[in-house]
Amino acid sequence: MSDVHYHDPSNVTNPEHAEHHIVTPAQYCIVFGSLLVGTLITVVAADIDLGVMNPVIALGIACTKAVIVILFFMHVKYQSKLVKMTVAAGFFTFIVLITMTLTDYMSRAWGLW
Amino acid sequence: MDNTAVATHIHEEHAHVSLPQHRHHFETEEQQREAGTFGMWLFLLTEIMFFGGLFFAYLLYRNWYYDAFVAASNQLSIKLGSINTVFLIASGFFMALGVWAAEVRKRGLLVIFLILTTVLGFAFLGIKYVEYSEKFEKHHVPGAHFDISEFVNPPIDAKTGKAEQKPLPPDMAAKTQVFFSLYFAMTGMHAVHMIIGIVLLFWLTWRAYYGDFSSGYVAPIENFGLYWHFVDIVWLFLFPLLYLINRHPLS
Numbered sequence: 001m002s003d004v005h006y007h008d009p010s011n012v013t014n015p016e017h018a019e020h021h022i023v024t025p026a027q028y029c030i031v032f033g034s035l036l037v038g039t040l041i042t043v044v045a046a047d048i049d050l051g052v053m054n055p056v057i058a059l060g061i062a063c064t065k066a067v068i069v070i071l072f073f074m075h076v077k078y079q080s081k082l083v084k085m086t087v088a089a090g091f092f093t094f095i096v097l098i099t100m101t102l103t104d105y106m107s108r109a110w111g112l113w
Numbered sequence: 001m002d003n004t005a006v007a008t009h010i011h012e013e014h015a016h017v018s019l020p021q022h023r024h025h026f027e028t029e030e031q032q033r034e035a036g037t038f039g040m041w042l043f044l045l046t047e048i049m050f051f052g053g054l055f056f057a058y059l060l061y062r063n064w065y066y067d068a069f070v071a072a073s074n075q076l077s078i079k080l081g082s083i084n085t086v087f088l089i090a091s092g093f094f095m096a097l098g099v100w101a102a103e104v105r106k107r108g109l110l111v112i113f114l115i116l117t118t119v120l121g122f123a124f125l126g127i128k129y130v131e132y133s134e135k136f137e138k139h140h141v142p143g144a145h146f147d148i149s150e151f152v153n154p155p156i157d158a159k160t161g162k163a164e165q166k167p168l169p170p171d172m173a174a175k176t177q178v179f180f181s182l183y184f185a186m187t188g189m190h191a192v193h194m195i196i197g198i199v200l201l202f203w204l205t206w207r208a209y210y211g212d213f214s215s216g217y218v219a220p221i222e223n224f225g226l227y228w229h230f231v232d233i234v235w236l237f238l239f240p241l242l243y244l245i246n247r248h249p250l251s
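Order-wise, the sequence lines are chains A and B.
All residue numbers for the first sequence refer to the working numbering, where the first residue is 1 and numbers rise by one.
All residue numbers for the second sequence refer to the working numbering, where the first residue is 1 and numbers rise by one.
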């Protein structure tokens, strides 16, 4: 009998699914507010001359907002490890592709031939 | 024996009643739910790669034709872009509330939230239409009728008496078309995703009205929510990259 419990190919006896979690409207309101504040900050920051930091700050705020949306609006914070790993793997693969392409691009002798 | 067989048969029939949130090929509701979420995320990852290619093209061409990208980017209205960002965030907010309404089985609220999501989606597309038509009027759509004059001879600011933008040599001014090509490709693909989303919203609102998603079957609402939030995230990057980061060019 214990064999049956140990061998659990369909993941039922000892499920790894995350507890079903319902995000409350109050949490959504906080997320909504923080996204609006982020938008305000990024628009104000664009008006100030910060040299090379302007794009860095704009993209930093955009990434922060995206992470908030992914974690709460898209419920990834409350999902199983499988889903979390899937999301992380996707972004990781995207960064690998960008890095490899940029490595090639930047190491070429553009205009020097 | 016959009686036993009949009884067993009836019992099995009963055990195979399948709810939409628990189809017979899944062991548990949680398993079905996780499988659906997993599949939806795999689709969204392909979408990340798709938009990622466009973002990458933007990065490289901005590097190559920096002055043209600065001049062309500053043609866009930060005001309209900001309003659209707020519309889209609010639309995503109501979509998230819609998922909550489906979870707690409130049919009326779900329909209201889905309608609000749709209305704000239309508001976004309406402003996008205003922005696009201005580009057509000014001949800033890439192609045979593209007009570089505003970039070669920028209009004079009435207060300072100086040009609003740094004048560009004609060959660099022609490269503003690269910016506008990417602008139309990226915002256009984003808008196509929104139009597809709005069509799906009509269908989901219809089904929600007839109570399909207020008795424990949340997956279509939840997975559509993932798609709608993904489209939001794309805009969260498009807005700073296209509208904001070129206001103070490096000299």
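Errors might be hidden in some of the hints.
What the hints assert, rightly or not - Chain A stretches covered by chain B per the calculated footprint, using a threshold of three residues with CB under 8 Å from any CB of chain B:
#1 20-27
#2 30-39
#3 49-59
#4 67-74
#5 79-87
#6 91-100
Worth flagging that the hints you see were computed from the coordinates, not collected in a lab.
Where a beta carbon is used, it is the ideal one built from N, C-alpha and C, also for glycine.
Here is how each hint holds up against the structure:
1. 20-27: Coverage by chain B holds for the stretch 20-27 of chain A (5 residues, Cβ < 8 Å).
2. 30-39: holds (count 5)
3. 49-59: holds (count 8)
4. 67-74: holds (count 5)
5. 79-87: Held - the stretch 79-87 of chain A has 6 residues with a Cβ nearer than 8 Å to chain B, which meets the minimum of three.
6. 91-100: holds (count 5)
Checked against the numbered hints given earlier, this structure breaks none of them.
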